[in-house]
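Colleague: Protein sequences, first through last, are from chains A and B.
Mapping of the first sequence onto this note's numbering: residues 1 to 112, in sequence order.
Mapping of the second sequence onto this note's numbering: residues 1 to 111, in sequence order.
Bear in mind the hints are in silico, worked out from the structure with no lab data behind them.
Each hint should be verified, as a subset may be incorrect.
Unchecked claim - Using C-beta positions, here's what the derived DEER-type ranges look like:
1. Ala-82(B) x Lys-13(A): 33 to 41 Å
2. Asn-84(A) x Glu-55(B): 40 to 48 Å
3. Ala-82(B) x Arg-9(A): 20 to 28 Å
None of these values were measured; they are calculated from a predicted model.
Even for Gly, the Cβ is constructed at its ideal location relative to N, Cα and C.
In case you want the letters, here they are:
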Amino acid sequence: DVKVTQSSRYLVKRTGEKVFLECVQDMDHENMFWYRQDPGLGLRLIYFSYDVKMKEKGDIPEGYSVSREKKERFSLILESASTNQTSMYLCASRTGTGDEAFFGQGTRLTVV
Amino acid sequence: SQQGEEDPQALSIQEGENATMNCSYKTSINNLQWYRQNSGRGLVHLILIRSNEREKHSGRLRVTLDTSKKSSSLLITASRAADTASYFCATDGSYGQNFVFGPGTRLSVLP
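Chain B on its own, in the form it takes in the complex:
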């Protein structure tokens, strides 16, 4: 079963606008990670936020985590056409060392 679920499934914005994607998960976590995937390629790690952190920044990325609501959001500010990709949240599962991803948000940034 999937641990993380992103919404929206797809998002289309103009260059320069901000993009916000949300992720909800089901069980308690130690950390949550966000990844990006360009079309037909492998995933690339963007940012990790630990369960005792509420917000984290990396360049134009801002991630928030609300453990009481079991949710996280990824904000991309001043989006560019090159940000067009799918974005996934990932958490460590409820047993062992498996590592599960949500279905992703497909972001299109229009020039």
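For reference, chain A alone in the conformation it holds in the complex:
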């Protein structure tokens, strides 16, 4: 069974903390994505990666960075968390352009 696993379901962090959100897929997919989802705004693309060590900015990369050292793992990093980064974060992976994407269960991050 296909699986995308996000490290935490719920997370509470303090303003200014460095936050790591981890995503692991077991499907040998080339493409991985990080989105944030906010009410009324749908899913907004933060970063994506099309290969190991490769990354591209999405629509809202400010305040975030990513790391993809291994094919199966794509990490989202909040260098200094702020309250406006409180959101639901969704990771997805897929084989390539035009293919079905598989999503993790989401991480609801609250920054206080």
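Since chain A is already given, all that's left is putting chain B on it; use the hints.
Modeller: Leaving out everything else, chain B in the frame of chain A:
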């Protein structure tokens, strides 16, 4: 910038009725996909329609694509309470391999 935009934003119907959601997009596409999200969960793929297809069926789902109008519609027939969810269209963006979603339609099916 978002590639897809769904309408309506919210839709409330009775069980047994049909639900239609629309999606418009801005640039040329190779395919368009529809996803479903139950409250607070990840998205699940429903159906993919390629740019050279006009209509596609999967069970109670029917998707149409009009590339001249840059729009797609998702029809759910004989809706059930379990169809209550948010529905999103998604397209591959205008560069690279990014993958963007519209804001979604929130469907409520009342028993």
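Colleague: Next, verify each hint and record whether it holds.
Modeller: Each hint, compared with the structure:
1. Ala-82(B) x Lys-13(A): 33 to 41 Å: Holds, since Ala-82(B) and Lys-13(A) (Cβ atoms, about 35 Å apart) stay within the stated range.
2. Asn-84(A) x Glu-55(B): 40 to 48 Å: holds, 42 Å
3. Ala-82(B) x Arg-9(A): 20 to 28 Å: holds, 23 Å
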